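Can you make the complete structure from the sequences, with help from the hints?
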Amino acid sequence: MLRYAGRRIFSLVVSLWVASVVIFLALEVVPGDPAAYMLGLNAQEDTLNALREELGLNGGPVQRYLSWTGGMLQGDFGTSYTYSTPVSEMIADRLWVSLPLALYALALSTLIAFPAGIWAARRRGSVVDLAIMGGTQLGVAIPNFWFAMLMVLVFAINLRWFNAGGFPGWEGGMGPAIKALTLPAIALALPQASILARVMRSALLDTLGEDYIRTARAKGLSRGQALRRHALRNALVPVLTIIGLQFSFLLAGAIIIENVFYLPGLGRLVFQAISARDLIVVESVVMLLVFSVITVNFAVDMAYAWVDPRLRGRR
Amino acid sequence: MRVNLWIGGVISAIVTGAAVLSFLWVPHDIEALNIANKIKPPSGAHLLGTDHFGRDILSMLMVGARTSIAVAIVAVVIGMGLGVPLGLAAAARTGSWLDEVIMRGNDLIFAFPSLLIAIMITAVFGPGAVNAIIAIGIFNIPVFARLTRGAALSLWTRDYVLAARVAGKGRLRISAEHILPNVTNLLIVQGTIQFSLGILAEAGLSYVGLGAQPPVPSWGRMLADSQTMISFAPHMALFPGLAILLTVLGLNLMGDGLRDWLDPRLARDAR
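In order, the protein sequences belong to chains R and E. For what it's worth, my numbering labels the leading residue of the first sequence as 3, then goes sequentially. For what it's worth, my numbering labels the leading residue of the second sequence as 143, then goes sequentially.
Bear in mind the hints are in silico, worked out from the structure with no lab data behind them. Only a predicted model underlies this, so the values are computations on that prediction, with no experimental measurement involved. A hint or two may mislead.
Okay, the calculated beta carbon distance ranges per label pair [unchecked claim]:
#1 E:V162 with R:Y85: 45 to 55 Å
#2 E:V219 with R:L27: 23 to 33 Å
#3 E:V219 with R:R162: 44 to 54 Å
#4 R:R9 with E:E173: 53 to 63 Å
#5 R:A301 with E:D171: 35 to 45 Å
Reference listing, derived: stretches of chain E covered by chain R, where coverage requires no fewer than 3 residues with Cβ under 8 Å from a Cβ of chain R [stated by the list, open to error]:
#6 246-252
#7 366-374
All C-beta atoms, glycine included, are put in the ideal place defined by N, C-alpha and C.
In structure tokens form, the structure reads like this:
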């Protein structure tokens, strides 16, 4: 286990390092000088130079890369070119919208997918199975931002159950904030729930065909009992992988959904930063998202290896 | 189960047909603005109504289908063109540094959600259809590389590959002559699925303004345009979304159907 963990940690660090280099280089070739952008057209050359110095834009690429990554390691993401506030503060603010949204969606998707997948697997080939599988076909094919717009039309504009967009903040209490995140979370969860339900169903069908299920049935367990005690547990391995992978899709998918609902999350931050050429913000948000994706996948891998020793040997 | 293949094939053919037809004929010219005629609900003259510039929505959808299809197809071609050789190479030299580099590179791309790649690319080069293609295409590379490597690995243990090696064929020739033909079915099925994902991704990108730029019509931007008017012109939001939904659904059904048809063994595994 330790050797396995060591190898995985090594590859985790390498991935993070390569990712940071890729992101840095990608934004290195962007045309345009942030200092000139901040000061406008009529800026004097020496003022420009002073600002470049202050922003740390004057050193060579290697030096700037080192100061960027070195700062991030200490929680210092630099200072936004447009707002002159620390990027870490901006990100922390926005994270309080994006992270709860992603978790909310993940919870919804799991809550929908587990019963649906289990039900479909138990009633394989029945009308229920067909209906659930048909539903998941629709769920993966529907563009979720369009589904979000339709929900706004029905539940916000016509029925007035929800606000069409915006976020009241957490200061006003949990209720309004969660309510504001509900439609976005449903929109985000829909395609993920469809995928998860399919994975759940096929994983269960696989394990239901195993010998140990026949043994369990032979010793007198009912179908339901065998399913709960033996099949479900073993089916969880592929299901957990998908849940881990979905977290990254949810964080990234939130970028588009946040735009539908005008939520002040990381996604909108990135878009504003791109249009304002505020590259340090883009750089840091992208790096943060990639970091969380890589770490979550790492955590899932480790969780498995811990639960299932057979997986340690595999790469 | 050929039903999937049929339904999916028919839907895909209709969408492709509409896109091809749009080069020759559309019900109304989409470049002629007719403000007097704006935001009309569906009627005899405009089957799906008109948008906020008085443009015919059916015509816009037909022309928009070109953008979606073109972006998704080129993205699949990029993914296959780079991913398949990489996967074949990795499988031919399994366990070597080449395999390791290719697979770690794949993991790295997987770690970037595709949308983030797209956003970075547009941050660097500016928005546009070409950059959308690159962004979606890059994400297709690891999909095909992994699929090809996985399938090729099991093929390398087959007797006919051993026979080919005994006959003196090199790894490159075996990959090209024996491995590649045997993974083609898998690639076709995955290609269909990536094609449908590409359509969805393109719609998402152009919805947030990172895809094809005006005046090139695209389904995603039609939805973005309709958003502020959804309360009084829901038809503007309804039809582009339905177009995306139907196209993606058709392609997915076709992919499922193709898998059943081309490889009954796989179909059983998938069920």
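Exercise for the section: Kindly indicate which numbered hints from before are broken by the structure, ordering the numbers from low to high. Expected result: The structure conflicts with hint 5 only, although it agrees with all the remaining ones.
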